[in-house]
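Asker: If you read the protein sequences in the order shown, they are chains A and B. The numbers in the numbering used here rise by one with no breaks, and the one at position 16 of the first sequence is 16. In the numbering used here, each residue's number is its place in the second sequence (first place is 1) plus 80.
Derived by calculation from the structure, the hints in this document are not laboratory data. A virtual CB, placed ideally from N, CA and C, is assigned to each residue, including glycine. Treat the hints with caution; some may be incorrect.
Now the stretches of chain A that chain B is said to cover, found in silico as 3 or more residues with beta-carbon under 8 Å [what the hints assert, rightly or not]:
(1) 2-11
(2) 18-25
(3) 33-45
(4) 58-68
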Amino acid sequence: MKWLLSGLVLLVAVVHQDTWFWTDKTLVFGFLPIGLVYHLGYCLLAAATMAVLVKWAWPSELEAVESMHAGAAAGGENRS
Amino acid sequence: MIPALIVFGYLAVVLYIGVFAFRKGKESGEDFFLASRALGPVVFLLSLFGTNMTAFAILGSSGLSYRIGIGVFGLMASSSALVIPLCLFFIGTRLWGLGKRFGHMTQVQFLRDRWECGGIGTYLFAITAAMLVPYIIIGVMGGGQTLQTISAYTGPDGQVRHWVSYEAGGAVVALVVMGYVFFGGMRGTAWVNTFQTALFLCFGTIAFLLIAKNLGGLDGIMEGLKANPKSATLLSREKIPPREFLSYMFIPLSSIMFPHVAIMCMTAEKVSHFKKTIIFYPLCIAAIWLPSVFLGVVGAAQFPGLQPGQTDSIIIRLLTQNTGVLISGILGAGIMACVMASDSQILALCTMFTEDCFAYYGGKERFGDKAQVWTGRIFIVLVTTLAYLIALSLKDKAGIFGLAIRFAFSGFAALAPIMLAALFWKRSTKWGALAAALWVTATVLGSWYLYEMSAGIKPAPGSAPVQIFPALGDLFLRTPADVTVYGYLPVMPMCIGSALLMVVVSLVTPPPSQKTLDKYFPPKSSLA
Numbered sequence: 001m002k003w004l005l006s007g008l009v010l011l012v013a014v015v016h017q018d019t020w021f022w023t024d025k026t027l028v029f030g031f032l033p034i035g036l037v038y039h040l041g042y043c044l045l046a047a048a049t050m051a052v053l054v055k056w057a058w059p060s061e062l063e064a065v066e067s068m069h070a071g072a073a074a075g076g077e078n079r080s
Numbered sequence: 081m082i083p084a085l086i087v088f089g090y091l092a093v094v095l096y097i098g099v100f101a102f103r104k105g106k107e108s109g110e111d112f113f114l115a116s117r118a119l120g121p122v123v124f125l126l127s128l129f130g131t132n133m134t135a136f137a138i139l140g141s142s143g144l145s146y147r148i149g150i151g152v153f154g155l156m157a158s159s160s161a162l163v164i165p166l167c168l169f170f171i172g173t174r175l176w177g178l179g180k181r182f183g184h185m186t187q188v189q190f191l192r193d194r195w196e197c198g199g200i201g202t203y204l205f206a207i208t209a210a211m212l213v214p215y216i217i218i219g220v221m222g223g224g225q226t227l228q229t230i231s232a233y234t235g236p237d238g239q240v241r242h243w244v245s246y247e248a249g250g251a252v253v254a255l256v257v258m259g260y261v262f263f264g265g266m267r268g269t270a271w272v273n274t275f276q277t278a279l280f281l282c283f284g285t286i287a288f289l290l291i292a293k294n295l296g297g298l299d300g301i302m303e304g305l306k307a308n309p310k311s312a313t314l315l316s317r318e319k320i321p322p323r324e325f326l327s328y329m330f331i332p333l334s335s336i337m338f339p340h341v342a343i344m345c346m347t348a349e350k351v352s353h354f355k356k357t358i359i360f361y362p363l364c365i366a367a368i369w370l371p372s373v374f375l376g377v378v379g380a381a382q383f384p385g386l387q388p389g390q391t392d393s394i395i396i397r398l399l400t401q402n403t404g405v406l407i408s409g410i411l412g413a414g415i416m417a418c419v420m421a422s423d424s425q426i427l428a429l430c431t432m433f434t435e436d437c438f439a440y441y442g443g444k445e446r447f448g449d450k451a452q453v454w455t456g457r458i459f460i461v462l463v464t465t466l467a468y469l470i471a472l473s474l475k476d477k478a479g480i481f482g483l484a485i486r487f488a489f490s491g492f493a494a495l496a497p498i499m500l501a502a503l504f505w506k507r508s509t510k511w512g513a514l515a516a517a518l519w520v521t522a523t524v525l526g527s528w529y530l531y532e533m534s535a536g537i538k539p540a541p542g543s544a545p546v547q548i549f550p551a552l553g554d555l556f557l558r559t560p561a562d563v564t565v566y567g568y569l570p571v572m573p574m575c576i577g578s579a580l581l582m583v584v585v586s587l588v589t590p591p592p593s594q595k596t597l598d599k600y601f602p603p604k605s606s607l608a
């Protein structure tokens, strides 16, 4: 899974360099340049990639730190 | 006058938020500097995003797209949409965990402890602080200039006058920022940032819709640009060399090395708050940058022939021409929200000073937690006053600070390998960190020097780059706007060099003690 996700991130980084639209002046919907539409789509792709990382590669050991800290804080409040 | 009054109303609201946060606060260092590490998910997302956005996101980006076209979005926005959330995912969450486990409040505190070093930590503090100061000064300057611009009126003699001068505008902005940071600390700053981010997230969309409506649609304007060979290049990326476009992918690495962003990562109550922030961050970037870049190109059709110094005001020109005075005032407040991003930088500098200097050299132990908070507050007053005085005396030299920020961006990006090594590589050493930090200092100064010394041979816009040292071939090239290394922006070799030095020097120097390694790299089972 780790390698698959690394590959995904690398692929997303590579498709940022969209040489294929470099000089293309086509207007999508009559007013949006295609290069702008592509990179708007890229932002959506980045958000989706982040959702995949959060789902499959989340550092779950930090959740334990959270509960340790919450426990310590609760203990402190009980003492005070 | 009405737009200026609306902006003053906005400033009053912002100040009140800071005072309200003061009432909710406690007199402890952790509360003042980190809001007790208890920010909720919405405030965390919006304040972290707002902290990272500056006036450039709206004003600068539209000015740049006026000159070089829609490629600005891919150059700066969509690259950040991938790299910044990745930095938050890999580095931000870990900084949060270290803050919770060991009480760290700044990056330098962690690096000092991680590599058992004092002096090297102080050096890292010094270069970080030095690269942060220009942002604070430019924030005060931007505030003065914006208030002056939106309070302009034409006198009976036909002369343009201003209700609020640059000096008075800068003073008002400095006082308001100082007020809510002084009273509210991190809580006040985060709340104000949340309010400001909500405002400028709406700003771009509203401005876009109003201008499009008034112009009777955008199809005709874009077709007109396409039909003219001179302006058609704005609809593609022809004006951006591919190597520069690739180099820009490295710039957003700076985000997590900015002290105000790293410190903000330690304020979340739960690590799960990062999840939504990481996923929504690219969408927020698109929401801010898309209208700004697009309107910059529309502005090129509406106001052709503006000089580089005038293009940053293109959105204000479009608004003034296409909206009423009331709307223009409300949107002016949105612009102020972007310009006033210096609040979190002032607070970060103050946190660094009190933690990395005052507390580290024994001040906290000797005088206590309350004295540390008050030292921080005094520091806020001093920094803001100094920034205002510099903004006054160097009023006409804003370009110097703008330039300093450009080089500082590369410098912060090139510091990222140090943080990555500290977090993920056991074998990394303080000497590796020192070598990388010295490399960053030398290359920031070196690229600035090359930029200045090659000003005389700068090619005209649209012309081919010029070799700075013909004997070295294409190693150092001067373009109309930058210095490049084989066509790549300096940030790329700076980051690669920093990473290489970190690795090579670490491998030939002794690692920290086993006790420290066990502290920072415990088996996962011990945390569960």
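Asker: I'd like to know which numbered hints this structure contradicts. Please list them from smallest to largest.
Answerer: Per hint list: single violation, 1.
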